[in-house]
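Chemist: Below, each chain spelled out in residue letters.
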Amino acid sequence: MRVVLAEDVYLLREGLTHLLRAHDVEVVAAVDTGEELLDALARHRPDAAIVDVRLPPGFTDEGVRAAIEARTRRPGFPVLVLSQYVEQIYARELLADGAGGVGYLLKDRVFDTGHFVDALRRVASGGTAMDPEVIAKLLGGTSPLHPVASLTPREREVLQLMAQGRSNAAIAGRLYISEGTVGKHIAAIFAKLGLDAADDVNRRVLAVLAFLNRA
Amino acid sequence: MGRGERVVAYARAPVRGLALAGLALLGPPLLILIFVGAHAGLPSPAFFVERGRRLPALARRLAARWGGADLPSPYRPAPPPPTRDPDGWYRDGGALFRSAFPPAYLARLRWIFRDPATVRDLAWMALNPLIGGPLAALAPALIAGGLATAWLHPSPDGLALAVAAALLGIALGPPLLRAHTRWTRVLLAPRARRAPGRVMSAVGRSAAAGAHVCASAVLPGVAAVFALAQVLAIALMPVRLWPETVLGSRRFVSWRRAQIGAWTGVRIAEPYRPEPPLPQPEPDGTYRLGWGPVGTVYRTRAAAVRARRFEWTVRDPASWRDLAWLLLEVPVAAVLFAVPALLIGGGLILLCWLWAWTGALSLISGLTWSPGDVLHAAVPASANIPAPVAGLAAAALGIAAAPALLRCHALLSRALLAPTRAAVLANRVDTLTSSRARISDAQAAELRRIERDLHDGAQARWVAVGMTLGAAEELIDRDPEAAKAVIAGAKNMSVAALGELRELIRGIHPPVLADRGLADAVRTLAMDAPLEAEVHVDLPGRAAAPIEAAVYFAVSELLANVAKHAAASQVSVALTYENGLLRATVTDDGQGGAVAGHGGGLHGIRRRLDGFDGVLTLSSPPGGPTTATLEIPCALSSPKTSTSSEKGSPTS
Numbered sequence: 001m002r003v004v005l006a007e008d009v010y011l012l013r014e015g016l017t018h019l020l021r022a023h024d025v026e027v028v029a030a031v032d033t034g035e036e037l038l039d040a041l042a043r044h045r046p047d048a049a050i051v052d053v054r055l056p057p058g059f060t061d062e063g064v065r066a067a068i069e070a071r072t073r074r075p076g077f078p079v080l081v082l083s084q085y086v087e088q089i090y091a092r093e094l095l096a097d098g099a100g101g102v103g104y105l106l107k108d109r110v111f112d113t114g115h116f117v118d119a120l121r122r123v124a125s126g127g128t129a130m131d132p133e134v135i136a137k138l139l140g141g142t143s144p145l146h147p148v149a150s151l152t153p154r155e156r157e158v159l160q161l162m163a164q165g166r167s168n169a170a171i172a173g174r175l176y177i178s179e180g181t182v183g184k185h186i187a188a189i190f191a192k193l194g195l196d197a198a199d200d201v202n203r204r205v206l207a208v209l210a211f212l213n214r215a
Numbered sequence: 001m002g003r004g005e006r007v008v009a010y011a012r013a014p015v016r017g018l019a020l021a022g023l024a025l026l027g028p029p030l031l032i033l034i035f036v037g038a039h040a041g042l043p044s045p046a047f048f049v050e051r052g053r054r055l056p057a058l059a060r061r062l063a064a065r066w067g068g069a070d071l072p073s074p075y076r077p078a079p080p081p082p083t084r085d086p087d088g089w090y091r092d093g094g095a096l097f098r099s100a101f102p103p104a105y106l107a108r109l110r111w112i113f114r115d116p117a118t119v120r121d122l123a124w125m126a127l128n129p130l131i132g133g134p135l136a137a138l139a140p141a142l143i144a145g146g147l148a149t150a151w152l153h154p155s156p157d158g159l160a161l162a163v164a165a166a167l168l169g170i171a172l173g174p175p176l177l178r179a180h181t182r183w184t185r186v187l188l189a190p191r192a193r194r195a196p197g198r199v200m201s202a203v204g205r206s207a208a209a210g211a212h213v214c215a216s217a218v219l220p221g222v223a224a225v226f227a228l229a230q231v232l233a234i235a236l237m238p239v240r241l242w243p244e245t246v247l248g249s250r251r252f253v254s255w256r257r258a259q260i261g262a263w264t265g266v267r268i269a270e271p272y273r274p275e276p277p278l279p280q281p282e283p284d285g286t287y288r289l290g291w292g293p294v295g296t297v298y299r300t301r302a303a304a305v306r307a308r309r310f311e312w313t314v315r316d317p318a319s320w321r322d323l324a325w326l327l328l329e330v331p332v333a334a335v336l337f338a339v340p341a342l343l344i345g346g347g348l349i350l351l352c353w354l355w356a357w358t359g360a361l362s363l364i365s366g367l368t369w370s371p372g373d374v375l376h377a378a379v380p381a382s383a384n385i386p387a388p389v390a391g392l393a394a395a396a397l398g399i400a401a402a403p404a405l406l407r408c409h410a411l412l413s414r415a416l417l418a419p420t421r422a423a424v425l426a427n428r429v430d431t432l433t434s435s436r437a438r439i440s441d442a443q444a445a446e447l448r449r450i451e452r453d454l455h456d457g458a459q460a461r462w463v464a465v466g467m468t469l470g471a472a473e474e475l476i477d478r479d480p481e482a483a484k485a486v487i488a489g490a491k492n493m494s495v496a497a498l499g500e501l502r503e504l505i506r507g508i509h510p511p512v513l514a515d516r517g518l519a520d521a522v523r524t525l526a527m528d529a530p531l532e533a534e535v536h537v538d539l540p541g542r543a544a545a546p547i548e549a550a551v552y553f554a555v556s557e558l559l560a561n562v563a564k565h566a567a568a569s570q571v572s573v574a575l576t577y578e579n580g581l582l583r584a585t586v587t588d589d590g591q592g593g594a595v596a597g598h599g600g601g602l603h604g605i606r607r608r609l610d611g612f613d614g615v616l617t618l619s620s621p622p623g624g625p626t627t628a629t630l631e632i633p634c635a636l637s638s639p640k641t642s643t644s645s646e647k648g649s650p651t652s
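Heads up: the sequence lines are chains U and F, in that order. Sequential numbering of the first sequence, starting at 1, is according to UniProt numbering. Sequential numbering of the second sequence, starting at 1, is according to UniProt numbering.
Next comes chain F alone, as it looks inside the complex (with noise of 0.2 Å):
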């Protein structure tokens, strides 16, 4: 850098500086305007948020220009318009609308919401006048006030001490705006892949902590909004209302299952029966239903629908659990929840947040108000601590407390919607009744695959060999060239039959995987496949034959799609057994993006493994790498009598 580029750097560093802080002031005004216009709800709650970016966008253009950072847009990208299906309907999750706009709406709203970026852009505006806002302001007050002092007091000391101050403040003019360029860089930059550090995934864990303690201690609003629902629809048209309100309530409280699993790691299942079908009607146009020693005759179908899912709902006891749970929500979360979540609010929002701004405030106007002295007037002991410092210390005390208190609520919420014993045991009946169905069938279906393939394939091929042979007995002593022509024919047929049948067998059961068991098998699937495989197997011992079986055909699939569709050049199969779990898992390099269709190849898997209780599952994120796991509870024998490998060698 020339000298003359030096001397334009820093005069124009201070003039950044306060531009930047001009900015960062513009921070706090636009997030109330965020929060309030996203609670209007008009026109959509995205609709604030995203105009909202323009901010923190213009930040990072400006940490471009001025401070060579480059900071690359982290938003991910805006969903595609709603497409609509073949029979005229949009389709968002479970839910079909007529017209594109609600789709969309949803589809942005989780677009806005879901992206981390949106809440790293929240934080940036409330923090950085903090942080940000004084770095940038430095070196420009230093100057201001220098200039200030010097028109002021116009005396020699007045004046040195002014030259001082704007001397400083040119010198730590493009420092501070470094400094000001990482700050912007830490939230609003694109998050970095890597995982975080020790420290950082500690930091990470307590504000997760913290936050579920608060959403533990509001949602319980929710779940008195559900019970009150439930009440009144019992109170007052139980057989129309009730079955709808309990099916709202249900989502609600499968939602806070899982959130409740993911917080604590206290998993609880789905306690609730399947549908019942929808009623037959009689050959005379209505309907019965009987339930218990009565029935009741309906005449129109909307009746019998009506009445068959408030019995179905009725008859439930998960309904009452789960009614039970609303109404006990409120008490128990106030027990558990009410005080971690006022010291962790209270201690960073009150005593830190406002207390900063009430600080700011009334070095500018005459504001003598702070957080502090509500603290102090409560508190009369803690006269002497500075408000941040409860603050810090009140919401470390409620993190501290948040880990136990989430897992006894999580305990206590696991013995109302954990199903019982009679409703998994049901649960289970219904479960193998329909796999036992199922895997009938697939039987079936594969047996007579065997007779037709036998039947067209090897069978046909020998009556031809017979009848060639025939052909050649007549000619030989004739003919005998011809004759050996019509020899050499049957040969090649009884190679094609051969070969038909070798085909056959490998799709019942594969020579190798016999041979060798599933570890071997898999390995020469790897090495037929068209592309780098990689195979580890930490199997301890050989799994039961028919596992063995589903998981090697499951691989093979696998394997076959990752070659038709990935685009991906390696592949690495996993098997391993851990907890009674056989898992196997299959990971390509590919594009991605990969779904489980109906009807498609891993339909087929799923089918197969139903039968052993065994999962599927995919992950598959656009842009790769693609997952597929699959899990099957079994036991494993041990290695000494499942391969025969000493058995066969002799000891001599």
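Bound-form chain U, shown alone (with noise of 0.2 Å):
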């Protein structure tokens, strides 16, 4: 897999550099503002592309606004972003075109390196990840009065899994419950959210975030 990297720390970037290489994935280019990262998309193609949000000049969100306008002009394209901190407007923006193909993670998941390769493989083929945090904010803002409210602790905790873009397996594995109850507990949250059940994973996961987000 190749990516292109934008990352305006040093250490970081090498880091990253490194820790990319060690698992298969190239770095074909590491540079460190929007344009430059706008640029290294168009000349060299790459298959994903890791930013953070605070790039150089304003070290505000010009990564966010960056990878937005990546995914404009080549709509769908995979953009895993990172942040020392994780807000529900970036999520929602950066999930706003219904895609698929994002990741938003706070960078202390980069940590586990597992993890975090799994995350950027998902991201690449399509999919999402969203960070838990991400994910308890979108849930932490709704109503009493919302659908969300009338989950079992067991359901939200699944619904929280499945928000951050993991398969049944992956769910399955985390809460030492069969693949199966994962399939029921799923059926049943896409019952009480009056959501239609896809079978694509993939577009199971948008159905629940743009749910979420609409909230």
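These are computed hints drawn from the structure, not numbers from a lab. Ideal Cβ placement from N, Cα and C applies to all residues, glycine included.
DEER-style ranges, computed between Cβ atoms:
hint, chain 1, residue 1, chain 2, residue 2, range
1, F, Q591, U, P56, 48 to 58 Å
2, U, R174, F, G580, 49 to 59 Å
3, U, P56, F, A567, 46 to 56 Å
4, U, P144, F, A40, 48 to 58 Å
5, F, R421, U, P56, 49 to 59 Å
6, U, G173, F, Q459, 34 to 44 Å
Once you've looked at the hints, go ahead and assemble the two chains, each given alone in its own frame, into the complex.
Modeler: As structure tokens, this is what we get:
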């Protein structure tokens, strides 16, 4: 897999490059501004981009804006956004086009190399990887009248993991239950939220995220 | 309705009409009784008004039983009995009482007289004999007239007339009863919450202007009493009496300031200097107060306090300007308000109300006098104009002149009652000094909190990370597996340290506020709030960073309060900018009744806003909705220079 990396802190840039190389991900370009990122994407046509939210020159949200710009130029282009903090508003903007291939993770998640590379591969193949904190905020910001409030605690856990973009098998492993049970929970969740159940995992996750986004 | 029922209804209507007409006649005597009783003041002015509510209550019950109209009681709920504070006192506003009687008395008084239903009741008592009475009495009067004619003139013509009148009376009975019910509803039903129509609001405005003019004509009498008291105090015992009299006058004058503002829109600020601190004793137990180049030694604390108070009132120019205003109120009001107040009061009370009564009485008794005679004697040219027409015209003339006169009075008053430029500056310096002290205290406290959080949190965790890595370094050759476990522990610690740092940073300056500005930061707050939250933003630019932060934290605190206390399901946040004021309003649909207690979250918001001259106001009637509004005067930078949304994106 070939990726472009946009990260302005030298140490993190080098660290990420090494880490990815160790997992057979080739970093074709490592840049430090949003504009350079877009140039590099046009030049190298990589499989995905990894972008820090804060980039020079303004050190505000250049990364998010560059990521959205990249996805308007190439719809569905996989982008994994990294940040020191997560905000619902950025998650909603990244998910707004409903095309999938979006990741939004805390930088801390890089420490868990295996999961991080998993998330990157999931994004590159059109899936999603949302930070657990984002999902917790999306769920926490719903009123008691929202359909989400009618879920059982276990269904809530399944919904959280599903919304992060994890597969049925991964959810089953996390919660120590069988895949069949996960399937039953997911069917119950879709029924309670009034969503159409889709077989495709990615489409299903996007439906859930779109639903939460609307709240 | 069956045929039988209809017959009964037609038969019953005149009897009921007669009863209602009798009820109407009770209104004016009761009104006079209430008026006299309330002014006699025994046992309480509220007592008579409260007892007087029985008549409207009876009218409501009859309207419900005979007219089918549901008229619920419009009165506000009675105040709860006063509760004793832990220190044994009963509190009423700023006053403390040993016994429960005075606060209960005052609360009852306020309850009765601030209820708009009281005024409507009294107006109903005055007007009902003129409107409701005739409506109710017409049907029985026609029938009685018919019967009387038949008895007195038993000729065929007379009998025909009698039958016609009686039938008309019977036929008109039910519709007139319905009209009476509708009239009763006008004043005795609880006032609908909907906004009045254009005509009604114009009538309301005129009535208010007339009432304000009449009040402005009467209140100078009170001003004269205060002025006299001050003059006497100065002449007799200035040091002992004058400061107290000044403080009493200030309450009246401040109340008038507020009223003038509410009536005319001419806002007059309070000019008074803050009360000086209590004098501190010297080591020998005496008190030394200097005043200009000389000073005095006071042996007792009471004398020192008195002297300081005297100095405070004498040296405040506002005291003298207040006194001048009090003295000038009577001549100014005489020039401005005497004529319009006479036109309005005389026109409505004398030439309309009293005229109707003397007219009605002259039908029964041999009374020949009418207020119209006074008018015609005074102004011979008006001989052909009926008294009520002249009265209404006079009142209209008075009301038409009212706004201009009230405004004129307000501007004259402002010249004396508003703070002078020097007083404004002196007050401003005082405010700035104290707010600066509060801000630097708050900043120091904030820095201490950050220091403590870093010291106890992230710093301690990284020491632990270092120690753990050191342990791993020693283990790595002997026991690689154990070293791996130790390193994993160090990794978890650094994740926890990062989490703590993130929280800390969010408390100092939220990243999304720095990145996106106030609008998006508030939207994020709304998204994170555990209830339905709507955000409306209409800001033409960005405010300075400290102001954005203050507003952000205030809105955050308000939303947290709503989620915690209001039992609300929906909240809406609006950010607007108008006339140099940045305004944020947070409105919820909760139960209301919120109070800004000392030391609560709202107090914290106020302290934070203080440094920017920001104001937080809270409106939370019981039953909701609660609206918190904060306003900060500031300038907005133009959006071009404040956001960098164009800069970051490539142009290709």
